[in-house]
Amino acid sequence: GAGVSQSPSNKVTEKGKDVELRCDPISGHTALYWYRQSLGQGLEFLIYFQGNSAPDKSGLPSDRFSAERTGGSVSTLTIQRTQQEDSAVYLCASSVGQGPQHFGDGTRLSIL
Amino acid sequence: QQQVKQSPQSLIVQKGGIPIINCAYENTAFDYFPWYQQFPGKGPALLIAIRPDVSEKKEGRFTISFNKSAKQFSLHIMDSQPGDSATYFCAASKVTGGGNKLTFGTGTQLKVEL
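Quick mapping for you: the protein sequence lines, in order, are chains W and H. Count along the first sequence from 1, then add 1212; that gives the number in the working numbering. Count along the second sequence from 1, then add 1350; that gives the number in the working numbering.
Among these hints, one or two may not hold up.
[Stated by the list, open to error] Cut-off 25 Å, straight-line C-alpha distance, at most; resulting in silico cross-link-like pairs (BS3-like, lysine-lysine):
#1 H:Lys1355 x H:Lys1421
#2 H:Lys1365 x H:Lys1444
#3 W:Lys1269 x H:Lys1408
#4 H:Lys1407 x W:Lys1223
#5 H:Lys1444 x H:Lys1408
#6 H:Lys1407 x H:Lys1365
#7 H:Lys1408 x H:Lys1461
#8 W:Lys1269 x W:Lys1223
#9 W:Lys1269 x H:Lys1407
[Stated by the list, open to error] Under 8 Å between C-beta atoms, here's a sample of chain W residues computed to sit facing chain H:
#10 Tyr1260
#11 Gly1263
#12 Asp1268
#13 Leu1303
#14 Gln1310
#15 Gln1313
#16 Phe1315
#17 Gly1318
What the hints contain is simulated information worked out from the structure, not anything from laboratory work. Each residue gets a CB set at the ideal place from its N, CA and C atoms; glycine is no exception.
One chain only, chain W, in its complex shape (with noise of 0.2 Å):
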């Protein structure tokens, strides 16, 4: 496709479990993004890849919560022991360099 895809789209799971986000940036962008949009805190930075570079971990709100790109293309976020406050769209984006982020269509999370 041309766009940013993630997936799954939509994920129920249980507190305490573990969870994996994945996300295909557009073809060719260097850079990646993760954001978390929730009803509380608005649109929040998470975590941010560049080429080769190390990625900056800046955003991430505990260590429960990890990423990786591999390949310099696919990216997995990871979430350990979910808790309720995890709750949130995860968005991810890409660009080329620091370009114009371009945005996927979430995955909505809701932990039970």
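Once you have looked at the hints, place chain H on chain W.
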């Protein structure tokens, strides 16, 4: 600390009206100011963006006005249409040496009535 303040929270205008959404930022290092439009169930889509070296930018019916000294910027939508009904977010980032990590405003829900 909320670095980008957005107002109003919601806005209703008549078709053909000119809704105006305002944002103010605190960090003088910010050098990139985009506006995003979001429909329910979709990700934010870039509408228009401005750098601080210009005071106004127009793209189609969308205009950004930028006041560097006041640290404020606003979005104007000319000849608004019902299809413009969506949530609008302003954002700011430091591109040069900053990785372009976006800091978002809290959003404005716009409704354009017939």
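Now the hints, each set against the structure:
1. Between Lys1355 (chain H) and Lys1421 (chain H) the CA atoms are separated by roughly 11 Å; this keeps the pair inside 25 Å, and the hint holds.
2. Between Lys1365 (chain H) and Lys1444 (chain H) the alpha-carbon distance is near 36 Å, which puts this suggested pair outside the 25 Å criterion.
3. In summary, the hint linking Lys1269 (chain W) to Lys1408 (chain H) is not supported, as the alpha carbons are separated by about 35 Å, beyond the 25 Å threshold.
4. Our distance criterion of 25 Å between C-alpha atoms is broken by Lys1407 (chain H) and Lys1223 (chain W), whose separation comes to about 40 Å.
5. With a C-alpha separation of about 22 Å, the suggested pair Lys1444 (chain H) and Lys1408 (chain H) falls inside the 25 Å cut-off, and the hint holds.
6. Among the hinted pairs, Lys1407 (chain H) with Lys1365 (chain H) is consistent with the structure: their alpha-carbon atoms are about 23 Å apart, no more than 25 Å.
7. A C-alpha spacing of about 22 Å is found between Lys1408 (chain H) and Lys1461 (chain H), which places the hinted pair at or below 25 Å, so the restraint holds.
8. For the suggested pair Lys1269 (chain W) and Lys1223 (chain W), the alpha carbons sit about 23 Å apart, so the restraint of at most 25 Å is met.
9. As the CA atoms of Lys1269 (chain W) and Lys1407 (chain H) are separated by approximately 33 Å, the hinted pair breaks the 25 Å bound.
10. Look at Tyr1260 (chain W): its Cβ gets to within about 5 Å of chain H, closer than 8 Å, so that hint holds up.
11. Taking 8 Å as the C-beta cut-off, the interface hint given for Gly1263 (chain W) is violated, the closest approach to chain H being about 11 Å.
12. Satisfaction of the interface hint for Asp1268 (chain W) is found here, the shortest Cβ-Cβ separation to chain H being roughly 5 Å, below the 8 Å cut-off.
13. Look at Leu1303 (chain W): its Cβ gets to within about 6 Å of chain H, closer than 8 Å, so that hint holds up.
14. A least Cβ separation of about 4 Å between Gln1310 (chain W) and chain H falls short of the 8 Å threshold, and the interface hint therefore holds.
15. Taken as an interface hint, Gln1313 (chain W) checks out: its beta carbon lies about 7 Å from the nearest beta carbon of chain H, inside 8 Å.
16. The interface hint given for Phe1315 (chain W) is met, as the beta carbon of that residue sits about 3 Å from the closest beta carbon of chain H, less than 8 Å.
17. Because the closest C-beta pair between Gly1318 (chain W) and chain H is about 5 Å apart, less than 8 Å, the hint holds.
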